[in-house]
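Number of protein chains: 2
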Amino acid sequence: MLPIAVDAMGGDHAPGAIVAGALAAAAEGTPILLVGPPDLKDQVDIGDLPLLEASEVIEMDEDGGRAVRRKKDSTLVRAAEAVRDGQASAMISAGNTGATMASALLRMGRIRGVKRPAIAAIIPVPGGSPTVLLDAGANAEVQADWLVQFAQMGSIFCRHRFGIAAPRVGLLSIGEEPGKGDSLRKEAFELLTVAAADNPDLDFIGNVEGRDVMGHAADVIVTDGFTGNVVLKTLEGGMRAVISGLLDAFGSTPEYKAHADALMPSLLPLYATLDPETYGGAMLVGVDGVCMIAHGSSSQRAILNAINFAREMVEADVVGEISAAIRPDDPTDDPG
Amino acid sequence: MLPIAVDAMGGDHAPGAIVAGALAAAAEGTPILLVGPPDLKDQVDIGDLPLLEASEVIEMDEDGGRAVRRKKDSTLVRAAEAVRDGQASAMISAGNTGATMASALLRMGRIRGVKRPAIAAIIPVPGGSPTVLLDAGANAEVQADWLVQFAQMGSIFCRHRFGIAAPRVGLLSIGEEPGKGDSLRKEAFELLTVAAADNPDLDFIGNVEGRDVMGHAADVIVTDGFTGNVVLKTLEGGMRAVISGLLDAFGSTPEYKAHADALMPSLLPLYATLDPETYGGAMLVGVDGVCMIAHGSSSQRAILNAINFAREMVEADVVGEISAAIRPDDPTDDPG
Numbered sequence: 001m002l003p004i005a006v007d008a009m010g011g012d013h014a015p016g017a018i019v020a021g022a023l024a025a026a027a028e029g030t031p032i033l034l035v036g037p038p039d040l041k042d043q044v045d046i047g048d049l050p051l052l053e054a055s056e057v058i059e060m061d062e063d064g065g066r067a068v069r070r071k072k073d074s075t076l077v078r079a080a081e082a083v084r085d086g087q088a089s090a091m092i093s094a095g096n097t098g099a100t101m102a103s104a105l106l107r108m109g110r111i112r113g114v115k116r117p118a119i120a121a122i123i124p125v126p127g128g129s130p131t132v133l134l135d136a137g138a139n140a141e142v143q144a145d146w147l148v149q150f151a152q153m154g155s156i157f158c159r160h161r162f163g164i165a166a167p168r169v170g171l172l173s174i175g176e177e178p179g180k181g182d183s184l185r186k187e188a189f190e191l192l193t194v195a196a197a198d199n200p201d202l203d204f205i206g207n208v209e210g211r212d213v214m215g216h217a218a219d220v221i222v223t224d225g226f227t228g229n230v231v232l233k234t235l236e237g238g239m240r241a242v243i244s245g246l247l248d249a250f251g252s253t254p255e256y257k258a259h260a261d262a263l264m265p266s267l268l269p270l271y272a273t274l275d276p277e278t279y280g281g282a283m284l285v286g287v288d289g290v291c292m293i294a295h296g297s298s299s300q301r302a303i304l305n306a307i308n309f310a311r312e313m314v315e316a317d318v319v320g321e322i323s324a325a326i327r328p329d330d331p332t333d334d335p336g
Numbered sequence: 337m338l339p340i341a342v343d344a345m346g347g348d349h350a351p352g353a354i355v356a357g358a359l360a361a362a363a364e365g366t367p368i369l370l371v372g373p374p375d376l377k378d379q380v381d382i383g384d385l386p387l388l389e390a391s392e393v394i395e396m397d398e399d400g401g402r403a404v405r406r407k408k409d410s411t412l413v414r415a416a417e418a419v420r421d422g423q424a425s426a427m428i429s430a431g432n433t434g435a436t437m438a439s440a441l442l443r444m445g446r447i448r449g450v451k452r453p454a455i456a457a458i459i460p461v462p463g464g465s466p467t468v469l470l471d472a473g474a475n476a477e478v479q480a481d482w483l484v485q486f487a488q489m490g491s492i493f494c495r496h497r498f499g500i501a502a503p504r505v506g507l508l509s510i511g512e513e514p515g516k517g518d519s520l521r522k523e524a525f526e527l528l529t530v531a532a533a534d535n536p537d538l539d540f541i542g543n544v545e546g547r548d549v550m551g552h553a554a555d556v557i558v559t560d561g562f563t564g565n566v567v568l569k570t571l572e573g574g575m576r577a578v579i580s581g582l583l584d585a586f587g588s589t590p591e592y593k594a595h596a597d598a599l600m601p602s603l604l605p606l607y608a609t610l611d612p613e614t615y616g617g618a619m620l621v622g623v624d625g626v627c628m629i630a631h632g633s634s635s636q637r638a639i640l641n642a643i644n645f646a647r648e649m650v651e652a653d654v655v656g657e658i659s660a661a662i663r664p665d666d667p668t669d670d671p672g
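Chains D and R supply the protein sequences, listed in that same order.
Our numbering puts the first residue of the first sequence at 1, with every later residue one more than the last.
Our numbering puts the first residue of the second sequence at 337, with every later residue one more than the last.
Since the hints were made in silico from the structure, they are not lab data.
Note that the structure is predicted; figures quoted are calculated from it, not measured.
Backbone N, C-alpha and C fix where the C-beta goes; we use that ideal spot for every residue, glycine too.
Any given hint could be a false lead.
What the hints assert, rightly or not - Listed next, with one range per pair, are the computed distances between beta-carbon atoms:
1) His552(R) - Ala316(D): 41 to 47 Å
2) Pro367(R) - Thr253(D): 39 to 45 Å
3) Asp201(D) - Arg448(R): 51 to 57 Å
4) His496(R) - Arg70(D): 49 to 55 Å
5) Ala316(D) - Asn535(R): 32 to 38 Å
6) Gly163(D) - Leu604(R): 51 to 57 Å
What the hints assert, rightly or not - Here are the simulated EDC-like cross-link-like pairs (lysine to aspartate or glutamate), alpha carbons at most 20 Å apart as the crow flies:
7) Lys522(R) - Asp61(D)
8) Lys186(D) - Glu364(R)
9) Lys522(R) - Asp63(D)
10) Lys516(R) - Glu141(D)
11) Lys186(D) - Glu477(R)
12) Lys451(R) - Glu141(D)
13) Lys180(D) - Glu398(R)
14) Lys72(D) - Glu62(D)
15) Lys516(R) - Asp61(D)
16) Lys377(R) - Asp399(R)
17) Lys180(D) - Glu395(R)
18) Lys522(R) - Glu141(D)
19) Lys180(D) - Asp397(R)
20) Lys257(D) - Asp597(R)
21) Lys180(D) - Glu477(R)
22) Lys593(R) - Asp261(D)
23) Lys186(D) - Asp397(R)
24) Lys516(R) - Glu62(D)
25) Lys522(R) - Glu255(D)
26) Lys522(R) - Glu512(R)
27) Lys516(R) - Glu59(D)
28) Lys180(D) - Asp399(R)
29) Lys593(R) - Glu255(D)
30) Lys186(D) - Asp597(R)
31) Lys257(D) - Glu591(R)
32) Lys516(R) - Asp63(D)
Sequences and hints are given; from them, build the entire structure.
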């Protein structure tokens with residue numbers, strides 16, 4: 001397979017943790033193309049990984065769209081071009097999310113017929129398979145028909161990522177009955193019902209509620225990028241608050257600490273389930289190439305997991321499958 | 337003080353748990369007016385609590401607005417009328433949330449100048465004071481200027497409920513910088529900035545993100561009722577999933593169980609913080625009377641806490657303070 005392009009300069013722990021994750025993936029047999037500055041090897045040990053040179057770095061706090069237009073020789077833009085030009089099979093960055101989306105969208109383009117790409121995020125579910133939530137932030141405002149495409153793309157993604165043959169798709173709303181929610185949800189409910197009747201690969205189960213996000217009711221949950229991003233970050237913050245509260249309690253006396261230490265092994269599976277590093281990141285679905293968005297705080301292990309995840313998506317040809325599933329409404333649609 | 341009207345028939349454990357909670361509150365010296373069917377005392381022991389008779393009950397799955405218009409002799413409608421008519425100082429129900437809102441809105445009316453009432457929900461924060469989140473579901477769609485009123489009402493509520501002299505108000509968005517978010521958030525950001533410049537009682541700190549909901553960055557977070565309801569239920573589901581995962585791990589072997597039993601006392605404060613019953617429920621702010629919305633699953637203890645909470649809000653005259661703070665744009669505004 002073609003190598004996976006890894007933005008060496010994206011993320012809180014770049015380039016050290018990123019390159020270390022890439023080296024670990026290469027050691028497991030995954031071909032890698034690092035994208036970084038010409039002097040990267042003076043900063044960190046890059047082993048014998050090939051380097052695609054890029055002279056600029058987009059910082060975490062820059063406006064994504066503007067930065068991509070201005071910094072044409074940035075690691076993110078060069079990584080996306082490597083996928084576009086057939087030098088790489090996928091791109092991965094733990095850097096600026098907006099710029100990652102913009103570079104993928106502007107350089108790879110959309111899949112023909114896709115109205116808008118979406119971020120497919122993975123929500124861990126203790127005691128079950130994770131929930132795919134999309135859009136987790138690519139589009140602050142959406143139209144109802146985009147949500148139908150998110151449902152299709154999310155189903156394909158979920159099938160290959162988690163091996164669920166017929167993922168159940170829920171529409172995130174405030175009440176389970178049809179017709180609950182705002183006008184966007186009401187329209188989307190109708191469109192999803194029609195689309196599912198017409199499409200055996202789309203199992204629309206109706207509205208779901210917030211409590212189902214970290215639950216077992218649906219495998220894929222579709223929503224607008226504003227709500228999706230708020231939900232994702234609310235859960236991240238909530239999990240962090242509870243884990244920190246638990247650790248404070250466990251350490252509150254030496255006796256409690258001894259019992260807690262003895263209990264720790266029992267908690268490792270739950271901890272692994274909830275750890276965002278386990279899944280390595282989210283996928284930007286709908287662009288014409290595999291683009292993985294890793295968490296800004298990614299460690300070596302998170303990057304390794306993100307690379308493995310990208311490889312799976314490449315090998316399953318998720319992009320080709322989305323392309324086959326989405327029929328352009330308008331034959332003149334030019335996603336370029 | 338006037339008695340607190342308690343809907344004896346609302347909630348999963350009605351009337352038993354509801355009446356038991358009301359009896360406990362009466363034993364602590366809070367005057368109570370039960371609202372229930374004439375034969376309530378044949379169903380449960382109501383002690384010597386006074387009963388306002390109502391022949392109908394609105395079920396949990398009925399459409400709230402329709403049910404309130406049709407069931408004019410329901411417990412919920414009679415409870416709201418008791419507040420309107422000066423027979424009660426507050427109403428409480430653990431029943432149908434939509435019908436509770438509709439009965440309060442239609443019978444008590446809005447406070448003059450308030451564009452829309454909002455549900456002020458309480459989000460527990462381990463290691464700190466809770467966050468007031470509004471609107472948690474009264475208005476699936478909102479206008480930007482309603483969010484300014486939610487900020488004012490939420491500040492007053494937070495001040496009295498949690499004794500925070502100058503609550504910091506955040507606008508829930510997807511990025512902290514001004515201008516992040518959808519068009520509603522952009523407009524609301526501007527309006528909140530202007531309102532805060534003009535109003536020393538409103539401390540608008542800018543955008544906050546999902547991770548701040550269960551965090552320490554803001555005391556009050558304002559959003560539309562769609563997002564707020566999704567956030568509230570997402571956290572409820574997330575907390576339930578994690579607690580259930582913990583209990584499974586703790587019980588996985590007899591040895592682990594012994595250590596977990598020894599640790600339990602250290603976890604009680606965190607458990608109490610996270611338990612929705614601790615706060616007893618949410619308040620519908622903006623209607624012309626105190627209306628408390630208790631959780632459907634409320635136990636006796638949750639109802640007792642909700643009654644105590646209602647009493648505090650009555651004694652602090654939160655409704656009068658909101659009324660003084662909100663200046664009607666339109667002197668002909670008739671909230672009737």
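Hint check results:
no., hint, verdict
1, His552(R) - Ala316(D): 41 to 47 Å, "holds, 42 Å"
2, Pro367(R) - Thr253(D): 39 to 45 Å, "holds, 44 Å"
3, Asp201(D) - Arg448(R): 51 to 57 Å, "holds, 55 Å"
4, His496(R) - Arg70(D): 49 to 55 Å, "holds, 50 Å"
5, Ala316(D) - Asn535(R): 32 to 38 Å, "violated, 56 Å"
6, Gly163(D) - Leu604(R): 51 to 57 Å, "violated, 41 Å"
7, Lys522(R) - Asp61(D), "holds, 19 Å"
8, Lys186(D) - Glu364(R), "violated, 47 Å"
9, Lys522(R) - Asp63(D), "holds, 16 Å"
10, Lys516(R) - Glu141(D), "holds, 12 Å"
11, Lys186(D) - Glu477(R), "holds, 12 Å"
12, Lys451(R) - Glu141(D), "violated, 25 Å"
13, Lys180(D) - Glu398(R), "holds, 13 Å"
14, Lys72(D) - Glu62(D), "holds, 14 Å"
15, Lys516(R) - Asp61(D), "holds, 13 Å"
16, Lys377(R) - Asp399(R), "violated, 28 Å"
17, Lys180(D) - Glu395(R), "holds, 17 Å"
18, Lys522(R) - Glu141(D), "holds, 12 Å"
19, Lys180(D) - Asp397(R), "holds, 13 Å"
20, Lys257(D) - Asp597(R), "holds, 13 Å"
21, Lys180(D) - Glu477(R), "holds, 12 Å"
22, Lys593(R) - Asp261(D), "holds, 13 Å"
23, Lys186(D) - Asp397(R), "holds, 19 Å"
24, Lys516(R) - Glu62(D), "holds, 13 Å"
25, Lys522(R) - Glu255(D), "violated, 52 Å"
26, Lys522(R) - Glu512(R), "holds, 12 Å"
27, Lys516(R) - Glu59(D), "holds, 17 Å"
28, Lys180(D) - Asp399(R), "holds, 10 Å"
29, Lys593(R) - Glu255(D), "holds, 16 Å"
30, Lys186(D) - Asp597(R), "violated, 48 Å"
31, Lys257(D) - Glu591(R), "holds, 16 Å"
32, Lys516(R) - Asp63(D), "holds, 10 Å"
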